[in-house]
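There are 2 protein chains.
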Amino acid sequence: MRIAVDASGGDYAPYEIVKGAIKAAQSLKDKGVEIILIGKRPVLHVQAGKHLKKLNLSIVHAPQNIEFHEHPVEALKNKPKSSIVIGTMMVKEGTADAFVSAGSTGAMLCAAYLLLGKIEGIERPALGSIIKLTPHAPALLLDAGANADCRPQHLVEFARLGNIYSKYVIGVDKPRVALMSNGEEETKGNKLVIETHQMLKTVPGLNFIGNMEGHDLVHNKADVIVTDGFTGNVLIKAFEGLGDSIIKIRQVGQAVNSASHLRGRALLADVGMGHMVKGMDFREVGGACLLGVKGTIIVSHGRSRAKAMMNAILMAKRTVEQRIPQLIAEEVKENVSSVTV
Amino acid sequence: MRIAVDASGGDYAPYEIVKGAIKAAQSLKDKGVEIILIGKRPVLHVQAGKHLKKLNLSIVHAPQNIEFHEHPVEALKNKPKSSIVIGTMMVKEGTADAFVSAGSTGAMLCAAYLLLGKIEGIERPALGSIIKLTPHAPALLLDAGANADCRPQHLVEFARLGNIYSKYVIGVDKPRVALMSNGEEETKGNKLVIETHQMLKTVPGLNFIGNMEGHDLVHNKADVIVTDGFTGNVLIKAFEGLGDSIIKIRQVGQAVNSASHLRGRALLADVGMGHMVKGMDFREVGGACLLGVKGTIIVSHGRSRAKAMMNAILMAKRTVEQRIPQLIAEEVKENVSSVTV
Chain A
1271 MRIAVDASGG DYAPYEIVKG AIKAAQSLKD KGVEIILIGK RPVLHVQAGK HLKKLNLSIV
1331 HAPQNIEFHE HPVEALKNKP KSSIVIGTMM VKEGTADAFV SAGSTGAMLC AAYLLLGKIE
1391 GIERPALGSI IKLTPHAPAL LLDAGANADC RPQHLVEFAR LGNIYSKYVI GVDKPRVALM
1451 SNGEEETKGN KLVIETHQML KTVPGLNFIG NMEGHDLVHN KADVIVTDGF TGNVLIKAFE
1511 GLGDSIIKIR QVGQAVNSAS HLRGRALLAD VGMGHMVKGM DFREVGGACL LGVKGTIIVS
1571 HGRSRAKAMM NAILMAKRTV EQRIPQLIAE EVKENVSSVT V
Chain B
1271 MRIAVDASGG DYAPYEIVKG AIKAAQSLKD KGVEIILIGK RPVLHVQAGK HLKKLNLSIV
1331 HAPQNIEFHE HPVEALKNKP KSSIVIGTMM VKEGTADAFV SAGSTGAMLC AAYLLLGKIE
1391 GIERPALGSI IKLTPHAPAL LLDAGANADC RPQHLVEFAR LGNIYSKYVI GVDKPRVALM
1451 SNGEEETKGN KLVIETHQML KTVPGLNFIG NMEGHDLVHN KADVIVTDGF TGNVLIKAFE
1511 GLGDSIIKIR QVGQAVNSAS HLRGRALLAD VGMGHMVKGM DFREVGGACL LGVKGTIIVS
1571 HGRSRAKAMM NAILMAKRTV EQRIPQLIAE EVKENVSSVT V
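Chains as they are written, first to last, in my numbering: chain A, 1271 to 1611; chain B, 1271 to 1611.
There may be inaccurate statements among the hints.
Copies of the same chain are indistinguishable here, so a pair counts whether it falls within one copy or spans any two.
[Claimed, not checked] Each computed DSBU-like pair below joins lysine-lysine, with the alpha-carbon atoms no more than 30 angstroms apart:
1) K1310 with K1351
2) K1471 with K1461
3) K1351 with K1471
4) K1437 with K1402
5) K1564 with K1402
Because the hints were derived from the structure by calculation, they are not lab data.
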């Protein structure tokens, strides 16, 4: 298996990205997984050079880099030698099985749509983000931000994509699929949600458990949480912000009073709050998987450091092992009728 | 000043509601505020009877009660002697200056629209909910759930309503008004948000600071957070759920290990986490104010106990003191042109 990593993408590139890739290569040693760093060879060689022989690690030169502020489509046109274009093309050509990047999400999405293309029958690929607000129960929320405006059939598609990912990557037997709404009753919601609810009830092979509300997120009510990319993105980032603050607060505690911090950390663990902090910490999750395109694309947080990148690479490995794009393609073929409701 | 309280509404009515009203009456003793309990007189008399003389507290009989599952409009028609109808009518007739209820939000909204009516020039009254995720900086989020489907001009209305409430009730000099979105740039958002952003830039007298993202909620970026009632409701409830869990976790900690709980509580306070828990705890805030109707209506959480009700009553007092409905009416008159964009 070959996993390509964008060593130029993200706020802490290349140093933290390379560091995370090395950690991943170490933890995957002798597991037949090659990690390919894509970026400026001379720079990468300085940091990773000495590991290239010992670890299953290699470098592919990408002289260009797409910045966050650039217009995605134009950037892809103007920078054919950028790490994002090269990494995505490697997946397309089969020289890599997955591509992980903490670079511009917009550019990543466009590259995936334009270069890899959507799986036949899929209208709107979605970003599936794993949240862990309850212990031992990671849930998949999608769309986490790929589609700000959605129609009911798109949300139904998200449900089907999430169902597959939850089943095969997260390992949930019969994923409970819920629709995020402002009320539990099927009459509650905005127009989009009310229409989607009626459609989801009719999807064969989907364990649709109805609407869920914001407070249900901490109650392990569902394994797959379906929502439009606008609401999903706002929600994911809200949790992220809270996670950051709690972590910062603990760091302040540490600075101010190391002893009380240690007591506090012990307490937080004691009473089970550790999982909640972790669940709100994108570093633990690693990245969101773009579901519905012809290939495995993991979009990591722009602020990803080594730990987040390592986790994103491990997530990519699991996704490739489970042949998610193929499973989606097969599932769509089987259910064309209900997809194109 | 007279504040009517729905003693029949909410999961813990009447006992906790009455208890909260008594606490409020005690804290408002000799401040010229009469608190009127609306509910089944015999029941209320048992609990509140002995306080009626000592405190500025009275009872108005309401033999009927609207349940959460009832259809709002029908319930209002079929139950003219319900606490919600009587309380709202008292505000309309001026025998009460405000009405506070933890009963059916749907019924409360319908009662306010149908019995009190909207302020001239206001198309969509909104629920303004105060969130405190940063110390010393409560922010007003609206719409918290009154309007699941919105058009840009509605969000502009929310911004104007929130601006007034933040200025006069929360006491912010020049409230920073932000639009919740999935990206900071004005090109980011769903269609609704992108159009709204352009309109908000043109509203005179509004300190519009642009889009904010979910993670900005903990960074005291804005004083007024504008969003549609669907997103707002999902967000508010998500924080509520997290607040509940953190509180529960601490209670578990207490049960398991009282010593570590005390240490932990001290630590959480030390390092400033107390405010965050409080900010996510609806008991501290009390209720959401329905802005844009002809009267002061406070919608409390269905799970409100005494503390939440007391805080909701104190919130009602501040809202009445500041003559918010009148200020909104005046402001709308002055700016009819921009309201009816």
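Hint check against the structure, violated hint numbers in rising order: Hint 3 contradicted; others consistent.
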